[in-house]
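Work out the full structure, taking the sequences as your base and the hints as a guide.
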Amino acid sequence: DAGVIQSPRHEVTEMGQEVTLRCKPISGHDYLFWYRQTMMRGLELLIYFNNNVPIDDSGMPEDRFSAKMPNASFSTLKIQPSEPRDSAVYFCASSFGTPGNTIYFGEGSWLTVV
Amino acid sequence: QKEVEQNSGPLSVPEGAIASLNCTYSDRVSQSFFWYRQYSGKSPELIMSIYSNGDKEDGRFTAQLNKASQYVSLLIRDSQPSDSATYLCAGGGTSYGKLTFGQGTILTVHP
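Here the protein sequences come in this chain order: A and B.
Each residue of the first sequence is one higher than the last, beginning at 2 in the working numbering.
Each residue of the second sequence is one higher than the last, beginning at 101 in the working numbering.
Accuracy of the hints is not assured; some may be wrong.
Claimed, not checked - Straight-line distance between alpha carbons at most 25 Å, and here's what the computed PhoX-like set of lysine-lysine pairs gives:
#1 Lys25(A) with Lys79(A)
#2 Lys25(A) with Lys69(A)
#3 Lys167(B) with Lys156(B)
#4 Lys25(A) with Lys142(B)
#5 Lys142(B) with Lys79(A)
#6 Lys69(A) with Lys79(A)
As the list claims (entries may be wrong) - Listed next, the stretches of chain A that the computed footprint assigns to chain B, with coverage defined by at least 3 CB atoms under 8 Å from CB atoms of chain B:
#7 43-51
#8 104-115
If you're looking for bench data, these hints aren't it; they were derived computationally from the structure.
Heads up, the beta-carbon is just placed ideally off N, CA and C, and yes, glycines get one too.
So, in structure tokens, the structure goes:
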């Protein structure tokens, strides 16, 4: 079975540009998570959805970040405008049943903002 | 207190030794616990999950949970250089809570 699929794998963009990260969760999973990982802050939960509905976005750093899940098989995380401090690895993950169950990570999107 | 805290590390052990990784958690994180392994440049992958007090063994890995003391540990027996990675402890909150991850412990197994 296919795992969580993310795109792009790597992106280098200039400060001020819009960045859109994409995710396809594991089929049948009803929870989707967006994480950000940096050396300084570790793995941080940004937002998570249940059945396409945002449940907790308290980890979204500021209004420049937005996330959507228009259907059960697709989600986006958008940064507009991007800043150098947004450089990180962004992981999408999914799980089934409850948000405290095992979550499965995608391979990550490596973002560099210059 | 952070919800999930891991021993600072980094941890270095010789090949064949037992590696012991520890994690403590707050009251808000108490239902389910997980150990993930993350190789450099890769995504976290699940190694073990544990929900009840006591030990759970899977091959060379043993997870231990002590709810009274609020700690969870991972023992890796007969450590191999391929075990060198960052190990992340995660806890699931009460009722409807999401997973919270610790900062991770870097393990190096040297030949």
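Here is what the structure says about each hint:
1. Lys25(A) with Lys79(A): At roughly 15 Å apart (the allowed maximum being 25 Å), Lys79(A) and Lys25(A) satisfy the hint.
2. Lys25(A) with Lys69(A): 12 Å, holds
3. Lys167(B) with Lys156(B): 14 Å, holds
4. Lys25(A) with Lys142(B): 18 Å, holds
5. Lys142(B) with Lys79(A): 22 Å, holds
6. Lys69(A) with Lys79(A): Distance ~9 Å between Lys69(A) and Lys79(A) Cα, so the pair holds.
7. 43-51: holds (count 4)
8. 104-115: holds (count 6)
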